[in-house]
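Line by line, the protein sequences are chains A and B.
Residues in the first sequence are numbered from 114 upward in steps of one, following the numbering used here.
Residues in the second sequence are numbered from 114 upward in steps of one, following the numbering used here.
Hints were generated in silico from the structure; no laboratory data involved.
Glycine included, each C-beta is placed from N, C-alpha and C at the ideal position.
It is possible that part of the hints are untrue.
Just some of the chain A residues that point at chain B, by a computed CB distance under 10 Å [said to hold, decoys possible]: (1) 194; (2) 204; (3) 306.
In silico negatives: residues of chain A with every beta carbon more than 12 Å from chain B [stated by the list, open to error]: (4) 187; (5) 226; (6) 556; (7) 560.
Some chain B residues flagged as far from chain A (calculated, every beta-carbon gap over 10 Å) [said to hold, decoys possible]: (8) 163; (9) 224; (10) 350; (11) 420; (12) 429; (13) 558.
2 protein chains.
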Amino acid sequence: MNFELTKEYVEHIEELIELKNRDAIRAELEDWYPADITQLLIELETEPAKYLITQLDTQPAAEILADLDPNDRKEFLKHFTSEEISRYVNVFDSDDAVDLLNEQPIRIREEVIALLEDREQARFILDLLHYDEDVAGGLMQKELVKANVNWNVNETIEELRQQAEDVGRVYTVYVVDDYGKLLGTLSLKKIVLAHKNTKIESLYEKDVIYVETYRPAEEVAELMQRYDLDALPVVNVQGKLLGRITIDDVVDFITEQASSGTMAMAGITGEVEVDDTIWEQTKARLPWLLVGMMGGILAAKFISFFEGDLKMVPAMAAFIPIIGSTGGNVGIQTSSIILQSLAEKSGMDDSLTQRLIRMFAVAFINGIIISCIVFGFNLLIGNEIKLAIVVSTALLSVVFLASFMGTITPIFLNKVGINPAVASGPFITTANDLIGYGVYFGIAHVLLQL
Amino acid sequence: MNFELTKEYVEHIEELIELKNRDAIRAELEDWYPADITQLLIELETEPAKYLITQLDTQPAAEILADLDPNDRKEFLKHFTSEEISRYVNVFDSDDAVDLLNEQPIRIREEVIALLEDREQARFILDLLHYDEDVAGGLMQKELVKANVNWNVNETIEELRQQAEDVGRVYTVYVVDDYGKLLGTLSLKKIVLAHKNTKIESLYEKDVIYVETYRPAEEVAELMQRYDLDALPVVNVQGKLLGRITIDDVVDFITEQASSGTMAMAGITGEVEVDDTIWEQTKARLPWLLVGMMGGILAAKFISFFEGDLKMVPAMAAFIPIIGSTGGNVGIQTSSIILQSLAEKSGMDDSLTQRLIRMFAVAFINGIIISCIVFGFNLLIGNEIKLAIVVSTALLSVVFLASFMGTITPIFLNKVGINPAVASGPFITTANDLIGYGVYFGIAHVLLQL
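Please model the complete structure; the sequences and the hints are all you need to start from.
Here's what the structure looks like:
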């Protein structure tokens, strides 16, 4: 059961594909889950991969395609005709079908939809194509089991029997009125335990958590986590039941969010993997390195104004790194904490003033401790007391400024609708560094002249 | 339905609590989900919060307690007697009960278990207390519905009826043999649609994904995501079914992992929230600021060796920031990409050599571009060509070294069993900075003497 992919195994499969030994391949893959075959597939070249997938039954092949990374899939499907694609999309869950079609050029998309054998699927897809990817409507699937509130258990089971094939996992039956308005839910457990003639009316749970189609994906994730939901029904503004969002899609969304947040913090554009090409990696990384470089050039230009001071007290140069790194570290810490609180959106937030006061108190304690230690170090190694005062004053100011910027920037970005995660990234760090050097040389210039 | 907590509402509830108006409170909270009441509860002082929760029925009150943040809960429960705690733990899911008890001092833990009315629950808890928190056994709950393979559908429904009250959500019925060995699964959908006399033998799904109790939590999360599972059965080494892990616990685990990764990157120890006390925030942040400070002091000490060079060419000081920031940025980018690939643990990894070669190629391109631009800038502002060569050579070397360190460090930490996420943190960044300054002043010292 515990599936491990080895180099030898991949080579063995490649050989079988080379020999076009269809029976051996099918026998080999029979016991595997589609998710395991996906792992194998991404290790193969395009041609053998295509051969492999066309040897499988339509259902597992479709699951593998649904499972592929969107970029890999887009590349891979270039080698398929619209007829071939439509054969797989025909058995997709409608949400996955829309994701796949959105990656395709419009012409292919329309051809595939036109070719779909299952006309209900085609209608589902056309419905779903209206929605943006990052709202509830874009996450939902049309497949669900619903029961009219006037039915009894027997009629519901009949409906379940008819729907069962299309609906992958039934978490719950949704109860609607004659107009399709969502009224509540009915768990399978209750259906199993109830008498056949019991009216749904008297069985179903009226408290139901739902979202409207236009709600952002973050809110969907937050709702499903807060209320521990397996599936969340989606309604239009009139309350009509349109679809459901299942927890597995939300898990994927949460994981993606987390990883793109980390990447943004590290100064990487988009998603990069260790086995991406050299060009892809360079493209993702160079822009932020250039931002950092521009900051460095500005810092150099700026410091060169103070060359006179540096000639007088060359020891000043030695403290450039500590000023930069302290400002950077404090800024990132502060903005990360603020970012997390923005992401969690707790019910009732402290006011901005309260936050700033607390941040400043923390900054004060940290700043005083660091300044004192560095002051002691300066005296210990026999630096002039004037320089020691300059360095420690600058450090304290930098800690304060970086705390302020780290608090304000993500809140401001969030307000104006920019992803606040960039506030932990290289751009803001670079800005903080520059401010730090400004403070340091400014203070030095004034104090050393005295 | 869309629950929003306002300051006014909290004050309203506080007043009702003040007046000890039990009926009004119950009426007020009746329509709310436990998760909503949790939001309200954390806004209250300890005494009113305790009053509020004791006015609720045991079941919702228990759900609220299970929902609380562990630290808040630990503080809160100090104001409860063991009898009071046991009343709630009695109706907890066994996995949540164990989490709560693990936060308590041993004496309280034993008292609560002794006082539990539901003796099966007590046995479940004693079973689960054996397992570490971060393995499959520590995530599982004992509540599940199992059916003997020799039963028919009717007998299974009977069992379901008896278990239904204890088992929160039934995703699937687990099929076992006479010795309790896990054989497969049976979905509720199949039970609903099957004839009453059908043998389970002929209905159930033999392919089942499971974990052993000792498997790490990361592996559990990975399995459930890869195979899109709602629940994962847990077995002992003999294959006997012991419990199940539900997807909501894994979602919590994934979210915690992601946020602690981000925090580690930002140089913050543990979990800090914006509304933690000043002291908690300082404690979480100061250690890493001190690490950064030590690095800064070392850098200062180090640069002061080169005061002679600096006196000769004060413009050298101006490029200290760009050396530091470029090294830092490249290091973090590289280690983040490596970290991500370690976290994803794809089936078949590239060899270390292949990774290093690719990393170096990317470093070479990025390094060359940055060095050339900075070289141009130096000539443009009229710096000496010698200095320009020193700076650009140092930059190129720093990019290479930081790429190397960023690749090697997380892989090494991972090998020796330390959480590699610290490799994106302040410690490694500081080390990279120091190496960068070493390279810069070393090259400068040699080249400028020529």
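We went through each hint and held it up to the structure:
1. 194: 29 Å, violated
2. 204: Violated: closest Cβ of chain B sits about 16 Å from residue 204/A, beyond 10 Å.
3. 306: Result: holds, 5 Å to nearest chain B Cβ.
4. 187: It holds; residue 187/A is separated from chain B by about 19 Å at its closest Cβ, greater than 12 Å.
5. 226: 25 Å, holds
6. 556: Fine: 16 Å to the nearest Cβ keeps residue 556/A off the interface.
7. 560: For residue 560/A, whose nearest Cβ neighbour in chain B is about 18 Å away, the distance exceeds 12 Å, so it holds.
8. 163: Holds, since 20 Å exceeds 10 Å.
9. 224: 29 Å, holds
10. 350: 13 Å, holds
11. 420: 5 Å, violated
12. 429: 8 Å, violated
13. 558: 14 Å, holds
Comparing the model with each earlier hint shows violations of hints 1, 2, 11, 12; every other hint is respected.
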